[in-house]
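Trainee: Sequence:
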Amino acid sequence: MKNLFVVLLAVVTFSCGDGKKENKTDMNADTRVEEKAAPVEVTDSKIAEVTIEGNDQMKFNKTEIRVKAGQTVKLTLKHVGKMDKAVMGHNWALLTKDADMATVGQAAATAADNDYIPADMTDKFIVHTKMLGGGESDTIEFEAPAPGTYIFMCTFPGHYALMQGKFIVE
1 MKNLFVVLLA VVTFSCGDGK KENKTDMNAD TRVEEKAAPV EVTDSKIAEV TIEGNDQMKF
61 NKTEIRVKAG QTVKLTLKHV GKMDKAVMGH NWALLTKDAD MATVGQAAAT AADNDYIPAD
121 MTDKFIVHTK MLGGGESDTI EFEAPAPGTY IFMCTFPGHY ALMQGKFIVE
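For the sequence shown, the positions run 1 to 170 when full-length UniProt numbering is used.
A few of these clues could be false.
Stated by the list, open to error - Here are the simulated DSBU-like cross-link-like pairs (lysine-lysine), alpha carbons at most 35 angstroms apart as the crow flies:
| # | residue 1 | residue 2 |
| --- | --- | --- |
| 1 | K59 | K85 |
| 2 | K62 | K74 |
| 3 | K78 | K46 |
Stated by the list, open to error - Across the chosen pairs, the derived CB separations fall in these ranges:
| # | residue 1 | residue 2 | range |
| --- | --- | --- | --- |
| 4 | V87 | E170 | 17 to 23 angstroms |
| 5 | S45 | T110 | 37 to 43 angstroms |
| 6 | D113 | A69 | 32 to 38 angstroms |
| 7 | T103 | T149 | 16 to 22 angstroms |
| 8 | T63 | P147 | 30 to 36 angstroms |
| 9 | D113 | G70 | 33 to 39 angstroms |
| 10 | A69 | I140 | 17 to 23 angstroms |
| 11 | D120 | K82 | 30 to 36 angstroms |
| 12 | D84 | I140 | 18 to 24 angstroms |
| 13 | S45 | A112 | 21 to 27 angstroms |
| 14 | F142 | D98 | 17 to 23 angstroms |
| 15 | T76 | F125 | 15 to 21 angstroms |
| 16 | D123 | T51 | 26 to 32 angstroms |
Derived from the structure by calculation, the hints contain no laboratory data.
Just so we're clear, the structure is a prediction, and the values are computed from it rather than from any experiment.
Where a beta carbon is used, it is the ideal one built from N, C-alpha and C, also for glycine.
Work out the full structure: start from the sequences and follow the hints.
Mentor: Shown next as structure tokens:
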């Protein structure tokens, strides 16, 4: 009788899984795919096309962008949120290597009249998009700077704390 109970318990234990372990593995595989960074689209070796999105949760969908030195970068910023520019505006700004992100971000907070680009710090910016509200987009073209790691950020007040990333030039 005791052996029959052990056998029944083993059958019940193994039959209750019903493939759940396999589904969990599939779910984890999907999660890993979503975490991978989207590659930069290259139309030819001289042009890198990059699309980056900002949302109403103060996040960019990319935290790293890689290009080659001297490439023409065609960058499109899309504000995929719904909030107005005055409430949840976003831009994309690429800083020089010597720029301090916190210093630029704090100065930008007082530069509303210049789309949050501080007039006395324009030498700290390589390039930037215009400030966008929900549903808007802007495309800029520029030549990738010298090899190295640069910081990109949103200069709307306080956004740089979350909306930032690395622009890596190889």
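Trainee: The structure should be examined with respect to each hint, and the outcome stated for every one.
Mentor: How the hints compare with the structure:
Distance restraint check for K59 and K85: the Cα-Cα separation of roughly 15 angstroms lies within the 35 angstroms cut-off, and the hinted pair is therefore satisfied. Simply put, K62 and K74 have alpha-carbon atoms about 15 angstroms apart, close enough for the 35 angstroms limit, and the pair holds. This hinted pair checks out: K78 and K46 have alpha carbons roughly 23 angstroms apart, not beyond 35 angstroms. Between V87 and E170 the beta carbons are some 37 angstroms apart, a value that contradicts the proposed interval 17 to 23 angstroms.
For S45 and T110, the hinted distance range of 37 to 43 angstroms is satisfied, since their beta carbons lie about 42 angstroms from each other. As the Cβ distance of D113 to A69 is approximately 35 angstroms, the hint placing it in 32 to 38 angstroms holds. Between T103 and T149 the beta carbon distance is about 18 angstroms. The supplied range of 16 to 22 angstroms therefore holds. The given range of 30 to 36 angstroms is broken by T63 and P147, whose C-beta atoms sit roughly 20 angstroms from each other.
For D113 and G70, the hinted distance range of 33 to 39 angstroms is satisfied, since their beta carbons lie about 35 angstroms from each other. As the Cβ distance of A69 to I140 is approximately 18 angstroms, the hint placing it in 17 to 23 angstroms holds. For D120 and K82, the Cβ-Cβ distance of about 33 angstroms falls inside the hinted range of 30 to 36 angstroms, so the restraint holds. Taking the beta carbon of each, D84 and I140 are about 22 angstroms apart, inside 18 to 24 angstroms as hinted.
The given range of 21 to 27 angstroms is broken by S45 and A112, whose C-beta atoms sit roughly 41 angstroms from each other. A hinted range of 17 to 23 angstroms holds for the C-beta pair F142 and D98, which are about 18 angstroms apart. At about 18 angstroms, the beta-carbon gap between T76 and F125 stays in the expected band of 15 to 21 angstroms. Distance hint check for D123 and T51: the Cβ-Cβ separation is about 28 angstroms, which falls inside the suggested range of 26 to 32 angstroms.
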